[in-house]
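Peer 1: Chains as they are written, first to last, in our numbering: chain A, 57 to 325; chain B, 998 to 1427.
Keep in mind that the hints were calculated from the coordinates and are not lab data. On a predicted model such as this, the values are computed, not experimentally measured, just so you know. Be aware that a few hints might be false.
Stated by the list, open to error - List of simulated lysine-lysine pairs, DSSO-like, C-alpha gap at most 30 Å: (1) A:70 with A:153; (2) B:1045 with A:295; (3) B:1045 with A:173; (4) B:1134 with B:1082; (5) A:153 with A:143; (6) B:1413 with B:1027.
To be verified - These stretches of chain B come out as covered by chain A in the derived footprint (C-beta under 8 Å, 3 or more residues): (7) 1042 to 1054; (8) 1077 to 1090; (9) 1113 to 1125; (10) 1136 to 1142; (11) 1223 to 1229; (12) 1243 to 1252.
For each residue, glycine too, the CB sits at the ideal point set by N, CA and C.
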Amino acid sequence: MSETYPQGRRLNGKGVRDRNRPVRVVVASFASCFGCQLQITNMEQHLMDVLGQIDLSYWQLTSSEPMPESFDVAVVEGAVTTEEAEKQLRELRDRAKALIAIGACATTAGIPGIAAKSFYEHPSAVYEHVPQACGAMISPRPLSAIVDVDFEVRCCPVDPYDFTIMLQRALYGSNKLATTRMLCSDCKRNETSCFFGEGQLCMGLVTSAGCGARCVNLGRPCQGCAGISPHANLASARKSCERYGVSVSDFDEKLELFNQTNQATHEAE
Amino acid sequence: MAKTAISVDHIARVEGHGNVHVVIEDGEVKTVEMNVVEPARLFESMVKGRSFDDVPYIASRICGICSSSHVVTDLLAIEQAFGIKVTDRTQALRELLVYGSYLQNHATHLFVFAAPDFLGTSSIFPLSETDPDLFEKALGIKALGNELCTRIGGRSVHPITAVVGGFTSEISADEYLMLANKLEAALPFALQTVDLFRTFQFPVLETAGDMLAMVQADAYPVCTSSEASFVRSGQVFAAQDVEQAVEEYEVPHSAALLARVRATGSSFFTGALARINASWDNLSKEARVAAAKAGLRPPEYNTFTNNIAQAIEIVDVLIRCSALCRKLAEADGFEGSSAPVQVVARAGRGVGYTEAPRGALFHDLTFDEDGRVLQASIITPTSLNVANLEADMRVLAEQLVADGQDADTIRLEIEKLVRAYDPCLSCSVH
């Protein structure tokens, strides 16, 4: 994973918009729950405003039109868990001017990524004979482990408006870098009390900010769905756990939920 | 020899990845396959060894549309294993959460996935210009389901507040009343939806298999009973015994396990139509009248009418949810608070059972004394349905071949049937 998040690196801050024709967008998905694609449809009131800016050329979830030969933007959900998916992703990347990864599965391998731990034991634990239809299964990976990703919309599921912002950046260009702040800074701004004071584990210490601390605001500690920030200090976070009487092994176990495939998680553990 | 092969690769407007293969040789339907190629994420193996409190959070990610159902089912399994009783208030909130996903799911399925088949378009989007009023109201029902899930669960996909023992946060009485008003205001359009789907033409078809739904005396249950019934054979079983009643099996062409009745080998359908057949007497009066008006009365074994059945459930859900919201707004409406009760882990097994929007859903979990998962089995509605869908596809293809229909018509009608089942292929593989 790169030191900072990719943000239209290939595009040099320029958008893919063409003044002569609408931008062609395709939506594709790999191993996921489809929840992030649903979140896009879940901005009902604004859906047509967003779709009105683009030519939505392919979206299997909502339309039976086939995938076109050429397009400008690929919106991709899901983790890569088969050789076939890896090949499809490379093809999408070759054809797209901009690639937007949406959701935890696509950006960190997310929940499917949990299976990356001792991967080869999992298929035979579920199937007696792994069906042909499963394809050639490989250990789960985020998109950025295979191709360049221009924009990432984090969290599980994505916030539909975060998606809109990234789509705007892909269309019209932006030189804004993704935030590397930790979630804790959001709680400070929100003036929310801290779970650590109650001896409860919260992943906000190391998790990228951006969601506004949605879970914490509803009384639930952060589970880390945005993935750890490239600037997260895991060693210091483990010390904080000790100081507050929170189990360090619980912290390390919780890291696996959304960061199993991130090398940083396994360093100095 | 005349050989016709009908293939639909990556069938559109369903949740997940699937292909359909039908081979017709000399007027005889040879092969009928629902090829489920959704990537396996291996949830049952991935949760092994993990602590109980992570499990519902992980299980929610099996499916975006019915995440509420997966969470509630998982919580029921854990609480059963640990011998935890939750309050009536918590129970009511869980019902609302499940019902919220019914509204989301049924509205998305009916309008975004199924309706274009009958309107002759490739997606719902052209409707925004040809019938903006219908488009807006259709998305309005979906938005209402999302709002219900968001207010109760904190988010429309993957609820935040529902945890073992209760809820971490709850909305105010005023918000419940506001929700009740909105739910009631949506009723006229829900009735209009039943009328709309009644006018859509579909083939006559009698399903090849049985039907499975949750049953409970004097209720149209979605998460309050642990008794399941096969509608046609009359066999009733306790959710604890699901493995004895239902046999899951592997086939090479599907990443999802298929299912049949263990006693008879029969395939079966689960979903809105099965529920309406099983609990017709306990539907709200308005929903029953709407159903009768639409010509749907039990026993109804044409799986194409699952579309109408879902429209009828929208009516029923609006009525039930507004009543629940009004009761939750009253100071003494439900006993107890929704704050999580004390949770003490212990070794044991629990089987959570709910009716997800697409049908019967079982989470069978066994824990060690520290509350870590030893064994997990998740049986989803669509994996229960695939075998019956294939059987129905065969019956339909045979009828259409006998009628002398061409390959394009057969393909279209089979696609319509697949969508009427409202399959969730990501759920089915999990």
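Peer 1: With reference to the structure, classify each hint as holding or not holding.
Peer 2: Cross-check of the supplied hints:
| no. | hint | verdict |
| --- | --- | --- |
| 1 | A:70 with A:153 | holds (11 Å) |
| 2 | B:1045 with A:295 | holds (28 Å) |
| 3 | B:1045 with A:173 | holds (12 Å) |
| 4 | B:1134 with B:1082 | violated (40 Å) |
| 5 | A:153 with A:143 | holds (18 Å) |
| 6 | B:1413 with B:1027 | holds (20 Å) |
| 7 | 1042 to 1054 | holds (count 7) |
| 8 | 1077 to 1090 | violated (count 0) |
| 9 | 1113 to 1125 | holds (count 6) |
| 10 | 1136 to 1142 | holds (count 4) |
| 11 | 1223 to 1229 | violated (count 0) |
| 12 | 1243 to 1252 | holds (count 6) |
Against the hints set out earlier in the document, violations occur for numbers 4, 8, 11.
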